[in-house]
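Peer 1: Chain residues, written in single-letter form:
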Amino acid sequence: MKVEEPLIFEKSKPGKIGILIEEEEDSFLQEIDPTLLREEIKGFPELSEPEVIRHFHRLARMNWAVTLGIYPLGSCTMKYNPVLNEEVAGLRGFLELHPEQDMEDIQGILEIYWRLEQLLLQLTGMDAATLLPAAGAHGELTAIMMVKKFFAEKGENREFVLIQDSAHGTNPASASIAGFKTREIKSTRSGMLDVAALEKVMDEKVALMMMTVPNTLGIFETQIVEIAEIVHSKGGFVYCDGANFNSFVAKILPSRMGIDLMHVNLHKTFSTPHGGGGPGAGPVLVKKELEPFLPIPRIVKEDGKFKVSCDFPLSIGRIKSFFGQTAVIVRALAYILSMGGEGLKRVAEVCVLNANYIRRMLEEFFYLPYKSDSLHEVVFSDKFQREKGVTAMDIAKRLLDYGVHSPTVFFPLIVKGALMIEPTETESKEELDRFIEAMRKIAQEIEENPEVVKTAPHSTPVKRCDEVLAARRLKVRWE
Amino acid sequence: MKVEEPLIFEKSKPGKIGILIEEEEDSFLQEIDPTLLREEIKGFPELSEPEVIRHFHRLARMNWAVTLGIYPLGSCTMKYNPVLNEEVAGLRGFLELHPEQDMEDIQGILEIYWRLEQLLLQLTGMDAATLLPAAGAHGELTAIMMVKKFFAEKGENREFVLIQDSAHGTNPASASIAGFKTREIKSTRSGMLDVAALEKVMDEKVALMMMTVPNTLGIFETQIVEIAEIVHSKGGFVYCDGANFNSFVAKILPSRMGIDLMHVNLHKTFSTPHGGGGPGAGPVLVKKELEPFLPIPRIVKEDGKFKVSCDFPLSIGRIKSFFGQTAVIVRALAYILSMGGEGLKRVAEVCVLNANYIRRMLEEFFYLPYKSDSLHEVVFSDKFQREKGVTAMDIAKRLLDYGVHSPTVFFPLIVKGALMIEPTETESKEELDRFIEAMRKIAQEIEENPEVVKTAPHSTPVKRCDEVLAARRLKVRWE
Amino acid sequence: MYKHPYIPCGSQELKELLAAVGVDDVDNLFKSVPKELFIDSPPIGKALEVEEIRKLFHTLASKNKFTLERSFIGGGIYRHFVPPPVRYITSLPEFLTIYTPYQPEISQGILQAMYEYQTLICQLTDMEVSNASLYDGATAFVESVFMAKRVSKKGNTVAIPKSLHPHYRDTLKTYISNLEIDIKEIDWDPMTGEIEIDKLGKTLSDEVFALAVQSPNYFGVVERIDAVRSISKDIILIVVVTEPLSMALFKPPGFFGADIVTGEAQSFGLYPSWGGPLIGFLATKASLIRHLPGRLIGETVDKDGKRAFVATLSTREQHIRRERATSNICTNQTLAALAVTVFLSLYGKCGLRKLAEKNYNRAHLLAKMLKDAGVKVTFEGTFFNEFVVEVKDIKKVFAKARKVGIYPGIDLARYYKYMQNHLLVSVTELNKPETFEEFVDILREDF
Amino acid sequence: MYKHPYIPCGSQELKELLAAVGVDDVDNLFKSVPKELFIDSPPIGKALEVEEIRKLFHTLASKNKFTLERSFIGGGIYRHFVPPPVRYITSLPEFLTIYTPYQPEISQGILQAMYEYQTLICQLTDMEVSNASLYDGATAFVESVFMAKRVSKKGNTVAIPKSLHPHYRDTLKTYISNLEIDIKEIDWDPMTGEIEIDKLGKTLSDEVFALAVQSPNYFGVVERIDAVRSISKDIILIVVVTEPLSMALFKPPGFFGADIVTGEAQSFGLYPSWGGPLIGFLATKASLIRHLPGRLIGETVDKDGKRAFVATLSTREQHIRRERATSNICTNQTLAALAVTVFLSLYGKCGLRKLAEKNYNRAHLLAKMLKDAGVKVTFEGTFFNEFVVEVKDIKKVFAKARKVGIYPGIDLARYYKYMQNHLLVSVTELNKPETFEEFVDILREDF
Ligand SMILES: Cc1ncc(COP(=O)(O)O)c(C=O)c1O
Ligand SMILES: Cc1ncc(COP(=O)(O)O)c(C=O)c1O
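So the sequence lines, in the order shown, correspond to chains P, R, V and G.
Mapping the first sequence onto my numbering, position 279 (from 1) lands on 386, and the numbers just tick up by one.
Mapping the second sequence onto my numbering, position 440 (from 1) lands on 547, and the numbers just tick up by one.
Mapping the third sequence onto my numbering, position 445 (from 1) lands on 629, and the numbers just tick up by one.
Mapping the fourth sequence onto my numbering, position 368 (from 1) lands on 552, and the numbers just tick up by one.
Only chain P is shown next, with the shape it has when bound in the complex (with noise of 0.2 Å):
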């Protein structure tokens, strides 16, 4: 059952057509400027309609997904995405939605956006909320450009963010598009931030401290608390990546560790599906006291009334047009109303459970560069393998052979080889046994014939791709 697919282009066949069009009646085409006038557009395809659901069914065959089995990326929450959802975000109601109409004609819309504020701050115990940014990196930049803004307002000048070792790369890059110097703190030996360097180099020039909780390595910032004293002590603000959220929701209140800021992403705690890498969304949740920064439209309600406010005098200001993922914003919504609270926290401990439980199985297998507990993630590194001249790609690679996704490799960058395992609550014993099993003959092979893993993958549409081969050649489209 091979299916192999030519690119849409090299199916095209002129004459051809997907689509049923009138002609129209009456025609002002005569009135364009005949320099102004394309031509056809070279190169641009022309189907059927049974072909072009054909073309992209086979694709989609090509690819695997959560709905066929464990995908353990670490740091990407690949849990299920509910049906239930898909069809609530579907309804005409929300999708036909101009966002310039009247207010008056979309108080349901602003319900939804109203609600899961409301109950993303019960979550958080933060006090005001913002759904506008488009993903968790948008969120990221959203705050710390409120910070910038805070600091600008007060005077302040402070240049620098200070950021973990094992911090996400767009925790950094964000930093830097807001336009601060940022200072990587290190990990101490059990995986956590070190706190005495950090002592040592929070200042009156630093803005802000952005925290993973849990870390990137799954574990917990114990002393989260103090960190966030020190850092207050000098005047700056404490931030949450809110990536890992699933490991504590509704289980452990993030206002409580001293968080000012945080984003979630909706498409991992909270469902939503991934889409092959977006559309997400990252809402932003603060205190009080960064409150004003937020940026615009703002959704607010007035007499039983909702309504679209921009009057915000300190705010950053719009950071996309319009307003947030609006259609990500009704699936979280559902999630979060089906789970409920009694619900969410199963979610916790569970994907917590099921962490440790791939951790224990596999630990005498793969090397455990740090030792401290894990919440929802584990991350191993190739070190055993490595004697063998085997890496975590190839590790990785060869799992698909087994029918099962990979982990997330080479992240952390702190872990040398890192294997980062992220199962999720939404994996059943069976499923998780599926992966220890695939990992676990895989450790065998590689004393025994590490040959296959090198090689691996063996049963896929492709064999390993050349990456080097596609960066040299940069050939980025059809022609």
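To be clear, the hints were calculated from the coordinates, so they are not data collected in a lab.
Take these hints with a grain of salt, some might be off.
[As the list claims (entries may be wrong)] Heads up, simulated BS3-like pairs for lysine-lysine below, C-alpha to C-alpha not over 25 Å straight-line:
| id | chain 1 | residue 1 | chain 2 | residue 2 |
| --- | --- | --- | --- | --- |
| 1 | G | Lys215 | P | Lys478 |
| 2 | G | Lys538 | G | Lys560 |
| 3 | V | Lys239 | G | Lys587 |
| 4 | R | Lys548 | G | Lys490 |
Treat the numbers as computed from the prediction; the structure is a model and nothing was measured.
Position chains R, V and G with the ligands against the provided structure of chain P, taking the given hints into account.
Peer 2: Only chains R, V and G with the ligands this time, still in chain P's reference frame:
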């Protein structure tokens, strides 16, 4: 990317549930006589929603589908199933209707039945219709029962139904369930009904002559008008098995052929999806004379309102509970309206062109037992290949390795080792060529290395299945 | 040339294909068809664009009214909740667009699902064998009678209670009118609503080859299958179940020794959908397997010894056995059977029981409230989620209910002339107790 | 233990997992978390059942109103027909539920689709390279300015016309307020609505590293990119397109030598969806590829030499380059880019042109009808499917329109204080000429 999947029962583990159900407050369970009360259902599965979704999606991946490639099953008309039709059929205003509702409240659905009836009448030139039959075979049976009743009313005792030797198995089966004896009429060397033979057997004991037009060899019965005259001259009726209507819809009017009754398969010509073997629908269309015998209930229009009526004293009665396959009927109506008259005519033309293209491209490689003109399908045989010990079934299996679905094999029965190929109009030349290429390669393989064909398929989720063992073991449920 | 988005043959392809075939024009390919059969102009109008189709069907849908919570209509089709995964799975193209699994090697998914369906039906009914679906409960019932006839060497009569679904009885009558089968009808006990067990012995004379009972019957009353079985002795006992959810709470027919258990499985994941698609199930004893109508999936192994599933015993079917087949069925209700399989997998052991209890409890709550309000519940027999009540003036009841948007049930006089002013009331988990008071008000004696 | 259908860990599994891990209770796994951080009781209410969720969202949806045919709102988001296959394809689980394609061997489908997307964007814009999507047109525009800044060795000023989408200008202002970039604003010609070409030369002083223009601009007017290009010389020219359908009819920015073409592709298969998801596109010259923000898919071969697709040049991206990355973007709008790809594949060469012509013709028909009725169309410049008209009392217009269920467009005073009583009117293929008369009536001088 192997996908293996245990049975749902094997995946089950105690204490799981796939749906949220609140406990009930009031309980009357104590009123049940304990001898009537059931214990738990032994072996019943217990799973969560993500596991159920994954189970069935994995199963889905083991199936080949029309959306993945050509599916040239002869007699089955595996054409593209438009996405739009799924959308309209999914409207809750259709799905949630109970058939015992007040007629006032179901005017929309009644109008759908009525409109589809009208369109089918226009497309066939017949006088009256029923949309009740649940499939083609059910339509056949309905029609035959009508004929039976017609003669019973007239007091004529006609005990025979004539059937082509190339007829589909449902034809004789339906006739005998309706209480008729069947007589088979041979085809000539040209693959058409032996009119001389018909003249011999046609007498006043014959109620019905069942014709498939074009017949299952894909050959048009050139003498259909004469055949009808012969049958009519002895007071018999002519039935058209309209499974092959795709080849002449909107181009030829069945009524002009002298047909008295026919069925059409909405799941063939009118593109409703086959769903793995149903549901389909087999509306029956008849000439005026037979209208009184149509099954009840019927949809009638009175003063601009639609209603359901059972008030037809000569009707054969009910043929199933409630009404027809409503959701299928909705799709068929959407299809016909989307195609329009010109579009449907084009359907007939292109499906015939495609079949002839395949015929032309393969006739050097495979034996063509009947040389008459092909309409929408072409029947080859394995005659050439049998010399190498390879059968039509082997060829069918080998095709799967080329990522192509097999044609129908071993039918029609009058062709030894038949390969019955029906491409439909929704295949592009590119896809036809992929099929042709595969067939030619297989022909060559049979010359050079027949073993690879005899042991095929090699790349499917399971290899060649042992059907004999299945029939011997008769393990038809999990335990 | 006329172009349509559903037809890939574009201008260039058309030329190429015609050239390859060696004709100038497609009409040359229709040479074998007599000229006079062709029509000149398309018999129907022109194609509608997508938005026109959408608008039309939305308009048509909006001409229908329905209510889930305020409807008490049952009578063979039940309003149950359909979990979203059911439609999601049945909409996957690899289920939706496939044909009958003639090539098992690329159809293991649907074959395994149907094997699971068969197993679930066996577990529910407590029988040994199930086929892979028939059109609906009524035709499944007819097939059961035909099957019994094939199996039994006894007479030509089938005994059937009047409390069996009217459509099923009608359908049987239509089918047997062509054959030498007679029907003997059995009355119900006016007190309990059960069949008249006492007179059953006499009814079951020598010429009776099969006895069919429905349980819960058309009036919602659970029959005493144990008693029926002991009286029917060596006669084939067919038990019809139109509300299969009852089997999650009550002992199933198989437990009492039924020979054939058949009926309608629509309750499990199919919308009422104005009566179709439905799905007929048919389960029986292992010993009768060769007489089974319809498709049957069996376990086997592939060339490498790996477990695999195939359609089996097709020697019973029309495509092999032709006029001597056990049935003429070809296309069946596979996708509906898949919906049932998904539904039952989701509810599972614990969920289905809970659901059944919810149905039972709500129906009994309403019945109690009605009795307390002085409304007569006609039958004393045990019921599951459906029961009959008597009203003074049924026309008024319907009129009153209509005003408040309630569908109060089925007027039994529609099918039983002599049952004037009787209402068949069905209660499922979709009926919220909050609305019961309103319903009671409509029926209250003193309206 | 609390059970939820979305969590597979049942009672037995929980026991097995705890035992394997070696703890009695899950809370033991949270030992590393300080006690005082835990909350006692769930911070939100209990789970709703499916039917409750459905009801809630249907209610919320019904609190929104919309009209397709009777809306004339555009302004950066356009109401276009979305063919059913678009949602069908983007709903396939193998597209919907997948992550960023980090493992190309099992992601060829999405990688190839994104490669096709990049190609389509290049073809449309007549550029050489496109990335695989950004959040929306506004952020894509910001990224373009940042990119230009990286590329250009010139000063710190970007020149931007006031006729560029107000949200885009606002977003840029937000972003650059942290950086050393200044904005110089350019006026429009009050007659034509085009930017003031004559004064452009002077505006483009030495410190200007980039000039951005939007075409069609926010007022719907098609800019003279050829003239702009020849004046802007070696300054990076960014052309913003928020109605990309215009490029099927008008010569695209690439034809005139734009350096960066960016904007919003929502017109191609995305519902307005109250402003999200949208999709920002960004195309440029091959020579600037290393400065591109966002993901980029490239062709390569696999171990067997077979063509394959991978994400490439990731050394530009945050996960490698961290604080020196070309952008902080990680999650982008892949599924939206897939929708665009499906949409453009369906319409294709001929369909997209027809669609553009339809938009153009209908907009011009309405403009003509308005002019004939004495309504002033503000600008004389060429327009595609959107234009500005002047009314006497815009409040009255909106009130009157509201009564007949028409959304007449955007009140420009919302974004341009000095443009009182100006209405931005957008006309697409969804606007039926039958309704134009009614629209004209509302605007007619003598109301
Ligand atoms: C720890 C962490 N931070 C930030 C991000 C960025 O989020 P997004 O991809 O939504 O921009 C991610 C996403 O992978 C992450 O894992
Ligand atoms: C020629 C012919 N007649 C009748 C039938 C029976 O139709 P159905 O499967 O809908 O019962 C078929 C279906 O395969 C057929 O091909």
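Peer 1: Against this structure, judge whether each hint is valid.
Peer 2: Hints and how they fare:
1. G/Lys215 <-> P/Lys478: holds (14 Å)
2. G/Lys538 <-> G/Lys560: violated (28 Å)
3. V/Lys239 <-> G/Lys587: The given pair, whose Cα atoms are some 23 Å apart, holds under the 25 Å limit.
4. R/Lys548 <-> G/Lys490: With Cα atoms ~21 Å apart, lysine 548 of chain R and lysine 490 of chain G stay inside 25 Å; holds.
Violated hint: 2 only; the structure is consistent with all others.
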